[in-house]
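A.B. asks: Each chain is listed here by its residues.
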Amino acid sequence: MNWITRLIERPSTMLGGSKQDMPEGLWIKCPDCCEAVYNKEMQRSLMVCPKCGHHHRISAAQRAEFLFDANTFEQLDTDLRSQDPLDFRDKKKYRDRIKDASKKVGDEDSVRNYLGDIGGQTVSASIFEFGFMGGSMGAVAGEKIVLGMERALERRCPYLLVTASGGARMQEGVLSLMQMAKTSAVAKRLKDARIPFICLLTHPTMGGVSASIAWLGDIILAEPGALIGFAGPRVIKETVNQELPEGFQRAEFLLQHGLIDDIVDRRELRDGLKNLFGQLLQRIYRQAEG
Amino acid sequence: MPRSYLDFERPIAELTSKIEELSSMGEDAGVNIAEEVEKLRTKRDKLIKQIYAKVDRWQMTQLARHPDRPYFLDYVPLMFDGFQELHGDRAFGDDGAIVGGMAYFREHAVMLVGHQKGRDTKEKIRRNFGMARPEGYRKALRLFQLAERFEMPVMTFIDTAGAWPGVDAEERGQSEAIARNLMELSAIRVPVICTVIGEGGSGGALAIGVGDRLYMQEFTTYSVISPEGCAAILWHDREYAEQAAEALKPTAKDLKDLNLIDGIIPEPMGGAHGDVEKTAELMGDVLEQALSGLLATPLPDLLEQRQKRLRQLGLFSSAG
Ligand SMILES: [Zn+2]
Chain S
1 MNWITRLIER PSTMLGGSKQ DMPEGLWIKC PDCCEAVYNK EMQRSLMVCP
51 KCGHHHRISA AQRAEFLFDA NTFEQLDTDL RSQDPLDFRD KKKYRDRIKD
101 ASKKVGDEDS VRNYLGDIGG QTVSASIFEF GFMGGSMGAV AGEKIVLGME
151 RALERRCPYL LVTASGGARM QEGVLSLMQM AKTSAVAKRL KDARIPFICL
201 LTHPTMGGVS ASIAWLGDII LAEPGALIGF AGPRVIKETV NQELPEGFQR
251 AEFLLQHGLI DDIVDRRELR DGLKNLFGQL LQRIYRQAEG
Chain Y
291 MPRSYLDFER PIAELTSKIE ELSSMGEDAG VNIAEEVEKL RTKRDKLIKQ
341 IYAKVDRWQM TQLARHPDRP YFLDYVPLMF DGFQELHGDR AFGDDGAIVG
391 GMAYFREHAV MLVGHQKGRD TKEKIRRNFG MARPEGYRKA LRLFQLAERF
441 EMPVMTFIDT AGAWPGVDAE ERGQSEAIAR NLMELSAIRV PVICTVIGEG
491 GSGGALAIGV GDRLYMQEFT TYSVISPEGC AAILWHDREY AEQAAEALKP
541 TAKDLKDLNL IDGIIPEPMG GAHGDVEKTA ELMGDVLEQA LSGLLATPLP
591 DLLEQRQKRL RQLGLFSSAG
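Chains as they are written, first to last, in the working numbering: chain S, 1 to 290; chain Y, 291 to 610.
Calculated from the structure, these hints are not laboratory results.
Glycine included, each C-beta is placed from N, C-alpha and C at the ideal position.
Incorrect hints may have been included.
[Stated by the list, open to error] Estimated spans, in silico, between C-beta atoms of each pair:
#1 S:39 / Y:381: 47 to 53 Å
#2 S:155 / Y:527: 45 to 51 Å
#3 Y:381 / S:265: 29 to 35 Å
#4 Y:590 / S:244: 43 to 49 Å
#5 S:72 / Y:590: 35 to 41 Å
#6 Y:595 / S:120: 37 to 43 Å
#7 Y:378 / S:252: 27 to 33 Å
Given the sequences, and given the hints that come with them, work out the whole structure.
C.D. replies: Structure representation (structure tokens):
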């Protein structure tokens, strides 16, 4: 079994996939420190273990609630649907996989778009939902990311991308690969227009998403312990036939190798972003934009 | 050099050795043999046509990886003059899996960048089987930007199983290197023509594959993941690669049907590996036509069209 499917098929790590998946028990056992934590306490600390700091996976909807100022945000671009352009089937039809994922997660695809305020600053955001087919990027996810970026361009507000993805959605073949080119091309327009673009890489961010839009922000942040990389650790291990270094492809490893700007604790993220947007938007020469 | 034959090419191999055997006795055996050889040749041509007319997607994958298939550097002396290779990324090293340099293409100064797999074992190792590391993609970017400064069209030639999945590549930012190329190529201020000449392996191919035109040679593939990799994930068994190849629809015809490529470059009967000179000529003609079209387009229009082209990639529906 491959690492992506392992992640997908291990429901114990799927804490808080969506509202109906929320752990119902009063206590949650942290998989990292094995301590039992009072559910409400875990919620209060944004699903970060108060005992050991382990960042539990959260859904895109939860992420939005944790990120935006209360009552300032709305979800947008919810009308796009995958078309199954290859009529793809493996053991299961792609169409059925989508139906099942929608039923399970309640979303129509793997990215949610929002417009809302973070610390009083209006931000256009795209947030990956890992629970939907491993957060894989197909044509719908690619289009939504582009719409999110274009909204930032129109409103001249910052764009925030929160990734959690196994990579390109292979059921859409080269069309999904091309989403890497599409999103990267629009990222160039953000750059040229000097619109602040911040990426937050969360667990996991791999493959085609990692090798395109995830790395094109002006600032690249990551959550502690997040697995981030191009090739999956199992593939690398099989290819090079050697043990992988301790902590390989974890956020801390990337920071050490100079690949990301910083690691941010989820509980400090909102304040951190507010601070960053303020700095990026002050600008000593306030000449006409564009 | 002895040719290698794929399983489904076996009947061709058998006829070929028969023809060779007969021809070698030909000198003292007289006219009958010559006639027989001619007959066998006609039969062989018919057989090649038949076999190649109905290659399935898995066979196409194998053809794209054919050990005798010409590589980028086999085409360079046939299609270009005055090739000057330019090495290194100026930061870490010179990746042998990606070769680049300036040359003349039918009078035009151009920048060439292509994957190179390596023919014999020693070269294969030096070139890491055509699987590039970050320094390879960064060398490519350096050359794209050099081309932009000196207003040279860029021509890329894609032939890779994929970007190198190694610890060293991850440490040096494989993702970042690929992502940056995608972004910079989307706006580089010269025409960019990309051609798949063998395997179009995922992000490692795309990293030199974003441009104004994308062509595929007739017997090549372009895929988001290798059929083996796809089979391992979705079927939990690499043995299902054949089914995965069918499902992924990675052939030139598939991509043309999806409107993802501008054209299919024909190959001589029996594939590029049968006649490199003819293949180079056929490819050169298509690329020359593409280039003159792009050179006739004013730069602002060229850039706008490229952005539009990239922006509209993808198929989805709008539900209520
Ligand atoms: Zn804990």
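A.B. asks: Holds or violated: 43 to 49 Å for the Cβ distance of residue 590 of chain Y and residue 244 of chain S?
C.D. replies: holds, 48 Å
A.B. asks: Using the Cβ atoms, figure out if residue 595 of chain Y sits within 37 to 43 Å of residue 120 of chain S.
C.D. replies: Given about 40 Å between the Cβ atoms, the range holds.
A.B. asks: Kindly confirm whether 47 to 53 Å is satisfied by the beta carbon distance between residue 39 of chain S and residue 381 of chain Y.
C.D. replies: holds, 49 Å
A.B. asks: Holds or violated: the 29 to 35 Å window for the beta-carbon distance between residue 381 of chain Y and residue 265 of chain S?
C.D. replies: Given about 32 Å between the Cβ atoms, the range holds.
A.B. asks: Does the hinted range 27 to 33 Å hold for residue 378 of chain Y and residue 252 of chain S at CB?
C.D. replies: holds, 31 Å
A.B. asks: Quick one: are residue 72 of chain S and residue 590 of chain Y within 35 to 41 Å, going by C-beta?
C.D. replies: At roughly 39 Å between Cβ atoms, residue 590 of chain Y and residue 72 of chain S fall inside 35 to 41 Å, so the hint holds.
A.B. asks: Given the range 45 to 51 Å, decide if the beta-carbon distance of residue 155 of chain S to residue 527 of chain Y lies inside it.
C.D. replies: holds, 49 Å
Hint compliance for this structure: no hint is broken.
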